[in-house]
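Protein chains in written order, with my numbering: chain A, 1 to 409; chain B, 1001 to 1409.
Calculated from the structure, these hints are not laboratory results.
Any given hint could be a false lead.
[What the hints assert, rightly or not] What follows is a list of derived Cβ distance ranges for each label pair: (1) A:Asp363 <-> B:Pro1107: 42 to 48 angstroms; (2) B:Arg1205 <-> A:His356: 36 to 42 angstroms; (3) B:Glu1007 <-> A:Thr386: 57 to 63 angstroms; (4) B:Gly1068 <-> A:Glu295: 33 to 39 angstroms; (5) B:Lys1172 <-> A:Gly385: 57 to 63 angstroms; (6) A:Gly24 <-> B:Gly1332: 36 to 42 angstroms; (7) A:Thr281 <-> B:Lys1294: 38 to 44 angstroms; (8) B:Ala1067 <-> A:Glu256: 56 to 62 angstroms; (9) B:Glu1384 <-> A:Gly170: 53 to 59 angstroms; (10) A:Thr386 <-> B:Ser1140: 56 to 62 angstroms; (11) A:Gly24 <-> B:Glu1375: 38 to 44 angstroms; (12) A:His356 <-> B:Ala1348: 52 to 58 angstroms; (13) B:Arg1247 <-> A:Thr386: 53 to 59 angstroms.
[As the list claims (entries may be wrong)] Stretches of chain A that chain B covers, calculated by requiring three or more beta carbons in the stretch to come under 8 angstroms of a beta carbon on chain B: (14) 194-207; (15) 318-329; (16) 389-401.
Predicted, not measured: the structure shown is a model, and the values here were computed from it.
For each residue, glycine too, the CB sits at the ideal point set by N, CA and C.
2 protein chains.
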Amino acid sequence: MDIKRIEGGVTAAKGFKAACTAAGIKYKDRDDMAMIFSGEPCECAGAFTRNKVKAACVKWDRNLVSAGKKLHAVVINSGIANACTGEEGYVSCRMTAEAVEGSLNVPPDSVAVASTGVIGMQLPVEKLVQGVKDMSGKLSESRASGTAASKAIMTTDTENKEAAVRFTVGGKEVTIGGMCKGSGMIHPDMCTMLAFLTTDAAIERELLQKAVSGVINETFNMITVDGDTSTNDTFMLLSNGLAGNERISSENEDFERFKEALFMVCRELARRMAADGEGATKLFEAKVVNARSKEDARTLAKAVVGSNLSKAAIFGCDANFGRFLCAMGYSGADFAEEDVELFFESEAGKLMVFDHGVPLNFDEEKAVKIMKADEVTVLIDMNEGTEEATAWGCDLTYDYVKINADYRT
Amino acid sequence: MDIKRIEGGVTAAKGFKAACTAAGIKYKDRDDMAMIFSGEPCECAGAFTRNKVKAACVKWDRNLVSAGKKLHAVVINSGIANACTGEEGYVSCRMTAEAVEGSLNVPPDSVAVASTGVIGMQLPVEKLVQGVKDMSGKLSESRASGTAASKAIMTTDTENKEAAVRFTVGGKEVTIGGMCKGSGMIHPDMCTMLAFLTTDAAIERELLQKAVSGVINETFNMITVDGDTSTNDTFMLLSNGLAGNERISSENEDFERFKEALFMVCRELARRMAADGEGATKLFEAKVVNARSKEDARTLAKAVVGSNLSKAAIFGCDANFGRFLCAMGYSGADFAEEDVELFFESEAGKLMVFDHGVPLNFDEEKAVKIMKADEVTVLIDMNEGTEEATAWGCDLTYDYVKINADYRT
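Please build the complete structure, drawing on both the sequences and the hints.
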């Protein structure tokens, strides 16, 4: 009955294959294209950037998802974002999809495309097409092929990110797995950089979308690296139904279990994405409890992990808690400073630093010890209600500046 | 008839004195308190942080300004912010004002107080009181005393900031001068860190406030350093009427000239504050023209200078213009990517990089040359309307991180 973490990513669920290749789009010496493929057509749910400037591939995918198309494949490149590329950029998407049609005999409108990388540069279409051909001959259900794909989509990520869980629905074993890449340009107000999940569960498309929308709000939409929101942010979940479970078609217990499993995968991927923010040395978590409303709790938690000053203090292991209160104050959420309690928490201990509007004379040495951990939590008790929310980010470091001052070169 | 820039700051206008002292509140070896004083009572207009968490001194000053009190003095310290300090913090304000009463025989409710520095720490009141006593004996109308005061209020600023202008109203010479300090925690959505202006113009209090509110929206509210909005942001303009002009009591030509002069002082102070943002190596200006509405123009310009990724690109002299479009896209303003033209501009030249939705193959060397200047402008032509706005910020550098990772130590 339990939901069990398992090894693997996009190929963990039945019937999903993956491949990758070094197409030479930007990088010379590594894989920079990946493909996910299911011979069985898939229902698809998605969430895309709300940035007014959308990459051509985001427009392409949104059209497929909103038309309720059944998908067979997702093709990703990690060299060029294909954003701010006008009509020519959209043509690149179509030609990529047609290349999949040519190699694997599935309709172009069953092929999603995704990009990450430099904005304002055209994709070399002939390399994309060649890459699709190469990958089509290498598709495999092996765990290694999923892992290789998760590496091929990385940009400034320092490690690949995969997660998967297994559980049962009506006696049938169901799997959800996925991969993501993040690092820069991750912002709470929308789906994060690139995340692709696959499942063999049989589930109605409307319910799949409902599960995605709900879970994303508590996971990918609760992380921030630099407050910038990408033109390319894409989350897609494909389900091919090969688990053979009775199709989930109402919001029953099976649906709840599916959502819980999806939450586990998304939470793990989102936390790892935050911890691997550009230049980050640690995961920075803000947990707000006893807030007046869910919305307030979310707003407060996100403001704290999103503040440059808070992030720099976390990097410096400086228990400058006033910066958290300051960020809470400009967040737009309603609260009284006099109600607030603040704690630092990590595997090294827990320390109260602010009590109902009054700063405490806390032990600085203990604070530093707590903050030196790889995962640091600021626990904020609002004492005004019952709602809570958690947001994830990372520290602001010299390396963040270094990475972004000369990204293109 | 012209408005003339002159040397000086808060003591440029008739009847304003200043002093400063090393009170030892935080720094050991420099002045950290300043006072502005006018024997003639002053009308006062102000703008304060909209942060929900307000420093005790902000609460104190807002009460004075909203009650329409006539002011004689402003006392500032640059060691401790007096924010998140509960009831005790407010008592510190009153005791500071009472110290001025004791020394200079003016009512406590004619004394404004301001603080900048660490949040969440109590002020050493006895040092403040002693500081007031010291300064009361040193008050001077000299330009040097104004300059010394502008240095005493600095925290992470690398240079002091003063500006003043002189013009005539009905044949009488009128002066507006001021000083400010900024650096970290400067955010567009409100009055910036600390700015104190003085004028000898005779003007109704309501009109003084109207002028301040209008001018601030185009100057101090258009700069950003790190997106964080302080608990202490304070702008105050004191007018003692000693110029002897016919009192400005309607929105006539005199009022317009006064506003224009005020704009000149505020624009100069705001630009210098942006250019001296924590760790900054250059001024980063975004000028949006031909936008659909004033609000859109302001929103777009502020999003561009506020983006960490844009700021890092400006630091690295990397013409990664896609980041500007990305920031515009998530700003919330309405526009079509296909209408936009983008240019880099500085004293070294001007270069178009994006033309109506299409990236140009521009000369990278020329771009770098332009971006190496001390002041770099991104000119954004929306081609959708007639409104424009300019915002100012700075680049994001290693030093920003360094300054903020160990601020308290």
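Comparing the hints with the structure gives:
1. A:Asp363 <-> B:Pro1107: 42 to 48 angstroms: The hint (42 to 48 angstroms, Cβ to Cβ) holds, given that Asp363 of chain A and Pro1107 of chain B are roughly 43 angstroms apart.
2. B:Arg1205 <-> A:His356: 36 to 42 angstroms: Distance hint for Arg1205 of chain B, His356 of chain A holds at roughly 38 angstroms.
3. B:Glu1007 <-> A:Thr386: 57 to 63 angstroms: This hint holds: roughly 60 angstroms between Cβ atoms.
4. B:Gly1068 <-> A:Glu295: 33 to 39 angstroms: 37 angstroms, holds
5. B:Lys1172 <-> A:Gly385: 57 to 63 angstroms: For Gly385 of chain A against Lys1172 of chain B, whose Cβ atoms are near 58 angstroms apart, the range 57 to 63 angstroms holds.
6. A:Gly24 <-> B:Gly1332: 36 to 42 angstroms: Holds, at about 38 angstroms.
7. A:Thr281 <-> B:Lys1294: 38 to 44 angstroms: 42 angstroms, holds
8. B:Ala1067 <-> A:Glu256: 56 to 62 angstroms: 57 angstroms, holds
9. B:Glu1384 <-> A:Gly170: 53 to 59 angstroms: 56 angstroms, holds
10. A:Thr386 <-> B:Ser1140: 56 to 62 angstroms: Cβ of Thr386 of chain A to Cβ of Ser1140 of chain B: about 59 angstroms, so the range 56 to 62 angstroms holds.
11. A:Gly24 <-> B:Glu1375: 38 to 44 angstroms: 39 angstroms, holds
12. A:His356 <-> B:Ala1348: 52 to 58 angstroms: Holds, since His356 of chain A and Ala1348 of chain B (Cβ atoms, about 55 angstroms apart) stay within the stated range.
13. B:Arg1247 <-> A:Thr386: 53 to 59 angstroms: Between Arg1247 of chain B and Thr386 of chain A, where Cβ atoms are some 57 angstroms apart, the hint holds.
14. 194-207: violated (count 0)
15. 318-329: Contact hint for the stretch 318-329 of chain A vs chain B: holds, 10 residues under 8 angstroms.
16. 389-401: Coverage by chain B holds here, the residue count being 5 at a Cβ distance below 8 angstroms.
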